[in-house]
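Chains as they are written, first to last, in this note's numbering: chain A, -6 to 287; chain B, -10 to 273.
Quick caveat, the hints were computed from the structure, so don't treat them as lab data.
Just some of the chain B residues that point at chain A, by a computed CB distance under 7 Å:
id	residue
1	Met112
2	Met247
3	Tyr255
Where is the CB? At the ideal position from N, CA and C, for every residue including glycine.
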Amino acid sequence: METMQRNKKTILSFILPALVIYIGIVIIPIFNTVYYSFFRWNILDTQKFTGLNNYINLFAKDTIFIKSMKNTFLLMFWSLVIETPLAILLAIAISGKIKGKRYFKTVFFLPNILSSVAIGLLWSFIYNPEFGIINRLLSAVGLNSLTRLWLASESTVMGSVIAVICWQFVGYHMIIYLAAIENIPAELKEAALIDGVTQGKMIRYIILPLIKPIIGIDTVLMATGSLRFFDLIYVMTNGGPNHASEVMASFMYYKSFRDYQYGYGSAVSVVLLVLCLLVTFILNRVFKSEEIQY
Amino acid sequence: MKDVSRKEEGKKPRIGSVIFYIIMIASSITCLYPLVWLILNSFKTNSELFNDPWGITLNPVFENYKTAWVAGKIGISFFNSAFVAVTSLFITIIVASMAAFAITRLKWKLSGTVLGLFLLGVMIPIHSTLIPLFSLFTRINLTNSYLALILPYVAFALPTSIFILSGFMRTIPNEIEEAVIIDGGNMSKIFWKIIFPLSKSAIATISIFNFVSMWNELMFALIFMSDPNKLTLPVSLTRFKGQYSTNWTVQLAAIVIMVIPSITAYLFLSDRIIESMTIGAIKG
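Taking the hints into account, I'd like the entire structure generated from these sequences.
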């Protein structure tokens, strides 16, 4: 038994297929990306080493990049601020034996199984200035003055996109918190009840502290998810109007595969990768707390 | 929580709980209505949609679906998507199970390091691999072939899949293997006849969330595929928007074609799907 488990040929034949695909497609390209980011490399030019030039241009000269970074963090900030409390509240609301629990759970999660492309297109229709139901609804109740060119005006485009993001993902985070809340031992809640604790205090002093580690994990998920955000933006606005909804991923796509500036695009994706690692690391630190003892 | 407060209240319904249900039902309608709107309007003509985006049409137009499926090439894309997703998923299951087996059931020094290397992949955004992969695939003429999507889909599915599968395989007792060895079996027999079949619940889990993300994936498909006969559904839909920009209801029909398989599967397996799609997140 032991010798068979230690046989090198056996081990290699089981691990190699996965390892080769993973290293070839994920690991090596990352080093390539870092390497390319030091070059000026357009589709017509040959590659030319330019040191840190791409990075200097990005941060010192490229106002669109700065805007895309701002928008990315804006998107991250509002996702966290809107979705986290909403998801926790919904999770608390359906964690008990309420009527239709299964219905609520299923319906709130539903948008997460759909493709972001389909959702983006659908919401472009809903926001459509002519026949979209948002403007039609506003007109119908006499609020004509509030109708907007939602996705086509610089002042409303980010808000409109963020609303769709929240619509799509709140249910996902709700399920994560629901699992955490349902893991809290029933005796704890019962003991609190005997002591005459109100609903509000129960949430404040029992539920929130006990799900704090999950809030940490979920915050990391949401933050790194926001950094990578692409699909909805690409479909709904393509970064427009006038780059008003450009995010880092769409900027990277646009520089690399529309302008064919591969070196410059690589620098953007390196920044994106570093931010992902940094945000994960920092948030893990912030939320690092002692193991919970029930 | 709610059962607790109900005990407090006794049997009579309070205004509070009526308000509670009204808010919950309103929220769930906010979630559902856009999809209902989508399906209802996909059966209208353009002018019906323009004149009355709220109502239900009395003469449903199935023509929209036919136009989208045939002339809009959504039909071809549907099969492309299905082929790419099913093949990628199949390869992921086999390759990830074998790797998890090597990591948890075979004895070698670097097994922990290799698992760590795979787990690193969870943090890596696909964006930072796009340019090198595009350049490589262009050089070896792989763009516009299904393999250009299957390879990255498998590679990026491996980290979470291996993580979940090795977590599961660790819990299978060793005695079973010993019995097989005594009967004269070898390691590959142990894997194929015992560990792999025993892991079917974990395999079902990774199948669901991987399939959903492979079916919906946009960015790789957008960059690696340009041949109109090779496009997957997400890319095809974005092209469709330009091509049929004024034919709104045909676009709506195309969106319905894309979401119907997901919704149908969800109707039958919602609990399993919800569990599978959140398990990777919580355990990671």
